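Number of protein chains: 2
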Amino acid sequence: MLIVQKFGGSSVADAQRIFNVANRIIDTKNEDNQVVVVLSAQGDTTDDLIDKAKEINPKPAKREMDMLLATGEQQSVALMAMALNALGYNAISLNAFQVQLTTTSDYSNAKIKDIDTERIKRELARDNIVLVAGFQGVNIFNDVTTLGRGGSDTTAVAIAAALNADACEIYTDVDGVYTADPRIVKDASKLEEISYDEMLELASLGSKVLHNRSVELAKKYHIPLVVRSSFNKVSGTVVKEDSKMEKMLVSGVAADKDITRISLLNIEDTPGKAFEVFSILGRNDISVDIILQSIGRDGTKDISFTVAKSDADAACEILEKYKDKIGVGTISLDDNVAKLSIVGAGMATHAGVASLMFEALYDARINISMISTSEIKISVLINKDDVELGMRAIHQKFNLAALNSL
Amino acid sequence: MLIVQKFGGSSVADAQRIFNVANRIIDTKNEDNQVVVVLSAQGDTTDDLIDKAKEINPKPAKREMDMLLATGEQQSVALMAMALNALGYNAISLNAFQVQLTTTSDYSNAKIKDIDTERIKRELARDNIVLVAGFQGVNIFNDVTTLGRGGSDTTAVAIAAALNADACEIYTDVDGVYTADPRIVKDASKLEEISYDEMLELASLGSKVLHNRSVELAKKYHIPLVVRSSFNKVSGTVVKEDSKMEKMLVSGVAADKDITRISLLNIEDTPGKAFEVFSILGRNDISVDIILQSIGRDGTKDISFTVAKSDADAACEILEKYKDKIGVGTISLDDNVAKLSIVGAGMATHAGVASLMFEALYDARINISMISTSEIKISVLINKDDVELGMRAIHQKFNLAALNSL
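The listed protein sequences correspond, in order, to chains A and B.
Everything in the first sequence is counted per this note's numbering, starting at 1 for the first residue and increasing by one.
Everything in the second sequence is counted per this note's numbering, starting at 1 for the first residue and increasing by one.
Be careful, since some hints might not be right.
Repeated chains share a single entry, so a pair holds when one copy, or any two copies, can fit it.
[To be verified] Pairs of lysine to aspartate or glutamate residues, derived as DMTMM-like cross-links and limited to a Cα-Cα distance of at most 20 angstroms, are as follows:
hint : residue 1 : residue 2
1    : Lys54     : Asp14
2    : Lys321    : Asp363
3    : Lys111    : Glu216
4    : Lys59     : Asp14
Because the hints were derived from the structure by calculation, they are not lab data.
This structure is a prediction, so every number in the text was calculated from the model and none was measured.
Could you put together the complete structure from these sequences and hints?
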């Protein structure tokens with residue numbers, strides 16, 4: 001079999017952990033597999049490099065930032081090759097230039113366009129364990145790009161797709177995908193499997209197990225992912241097409257605290273205002289999540305919506321500029337909010353899921369200020385201080401602790 | 001003018017020094033020049049990476065070592081681009097893949113074969129200050145190579161040659177080339193200029209100002225080098241063709257303590273024995289320096305020679321293997337030795353230089369155990385403890401302190 005494995009930065013943080021991972025790779029190799037391994041930068045390397053850059057230039061050019069950051073992953077793969085050699089195994093490290101992992105030119109957030117698998121296949125044929133630097137790519141100008149935080153997951157899935165691999169295993173510092181963050185909900189249970197769609201909702205909702213784009217890519221190319229811990233041998237969670245007869249009502253609860261609510265008050269109550277606001281934001285690459293529009297009163301109305309906290313300042317700046325043109329009275333900002341969501345593929349065919357969620361929150365005396373739903377998820381905006389309480393309340397209401405024993 | 005500048009690792013060790021160098025680069029740029037800058041890895045980065053590798057594998061594969069070490073220079077150029085941007089100047093960093101700096105495949109000691117200047121020229125035309133990662137290359141397999149310690153000097157000269165630059169300035173932590181190591185000989189004087197050949201002898205004799213291959217390359221392509229300090233504005237030393245009417249008798253005194261003397265005792269006194277010994281060593285890439293062969297006595301003779309200390313163990317291992325075949329009695333090793341040398345282009349046409357050197361050592365009661373001479377240098381092997389004393393004695397005998405005022 002041909003297996004692609006990805007290990008995160010904390011799994012290769014020091015020499016001892018590198019050998020720990022090397023031994024896991026060797027176990028897989030010894031089961032008569034060909035192995036391609038994607039690695040992230042060691043431990044805090046990326047953050048340290050960012051600090052170094054910011055000390056020199058608070059707003060470094062993204063092209064130069066990518067040139068700087070890509071060195072972290074190159075170091076990891078070289079060190080891992082040395083460790084595998086020390087344990088008596090053939091291994092070779094490759095960077096983005098060497099596997100011709102070409103991307104778009106969106107520095108710091110590039111999308112993978114193509115991978116030339118020729119070099120990887122040649123090295124596998126030579127009985128090498130092939131180590132590929134994650135997170136990085138090369139654009140049409142032959143410049144270094146990076147795929148954004150967590151991009152190594154995407155590298156692994158893309159390589160698995162390009163090689164038509166039999167499996168893609170994502171090793172991380174948790175045992176798999178849980179019904180809720182186990183640090184918050186003590187009796188959260190691990191899911192044996194989850195569908196791509198559910199995982200996508202969970203990933204985008206702030207459950208930081210898998211990089212969102214890696215799941216999209218896995219779905220597109222039908223690559224089953226296994227998420228498991230690099231620190232123990234516990235079987236992980238399989239992310240794949242939804243194959244179960246009985247879809248789970250609710251697979252998990254997720255929270256996202258990194259959001260800001262922006263409110264536009266006293267907008268002229270004439271048609272097309274909301275369109276105007278969101279098209280301006282869209283043109284500036286700012287994604288809007290939950291939206292609430294009040295009913296018009298005295299010829300004006302209010303529009304509230306949430307954006308990622310990192311986009312909040314840019315969004316306000318742009319809106320201030322167009323404020324008079326659009327006819328907005330006041331722009332106000334609130335980042336004492338959080339989004340709480342439940343995800344489940346079975347929701348679409350079961351009534352009453354939303355009301356059960358609202359009941360759980362009501363019982364816990366938590367106020368809901370905005371609501372948003374999709375086929376397989378329900379999100380509510382609540383006070384940031386209520387997140388943990390709400391998460392536990394919902395988890396219990398849906399009996400998610402007993403999920404695996406159902 | 002098109003100027004290539006190279007700054008060493010200590011010159012870019014931290015953010016403050018990076019800005020110091022950035023300002024020097026800007027000074028050059030503002031004098032209406034196009035500037036290409038070659039940088040080494042920051043401060044102790046290379047040593048730290050070597051330590052990291054050795055912790056994992058005491059004998060790491062050289063290919064992987066090069067993959068690891070090349071990241072240091074890539075970080076330096078990215079950070080310098082950010083600094084120049086912060087100061088309001090256009091700059092772009094480039095690694096070996098991007099300038100297609102192709103080399104041989106001798107990992108850790110690769111030789112430059114070619115540089116594709118197209119990218120550099122395009123960036124210069126866009127008014128960019130171009131920052132090229134030193135020390136690294138790419139071989140025919142598209143793998144990363146490095147040029148060996150001090151290789152960034154060679155990168156700078158090679159780029160200057162490829163671009164047909166008007167000047168190549170090597171910035172370091174000393175003011176230039178001195179008649180002797182100023183830490184040992186207090187009144188050593190700085191040379192205003194020195195010929196390529198003299199510099200080559202001084203470089204290979206252990207005066208660590210310039211990487212030897214960079215001088216060879218500069219000589220081959222007639223690139224005048226300027227060696228000067230990155231910490232002050234003192235004019236440095238020009239290394240160029242010998243143009244002076246009166247060549248200097250002695251330009252400098254250099255010492256090399258990193259050598260070992262190997263003695264082969266009681267070798268059969270039959271023809272071809274020395275040839276046999278040195279051809280075995282040559283086949284194993286071990287360079288031999290000073291050689292002394294005793295006159296045969298009782299049907300046997302002795303051969304002594306010096307090798308770099310780093311080659312001593314390997315040399316002994318090989319010789320032990322062939323000991324009986326060659327007919328060597330005993331192999332002995334002595335690393336309490338050092339080589340003291342004087343260099344000067346005028347030596348060839350002046351008699352009495354050697355005797356003056358020997359007189360200086362005799363006056364200082366220093367015993368000479370081996371002697372080697374070339375057109376422009378005289379080297380003697382002495383006791384390691386006598387090096388400083390001998391250096392001062394010779395420096396004084398040739399009145400080198402007054403050199404610049406002559």
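What hint numbers does the structure not satisfy? 2
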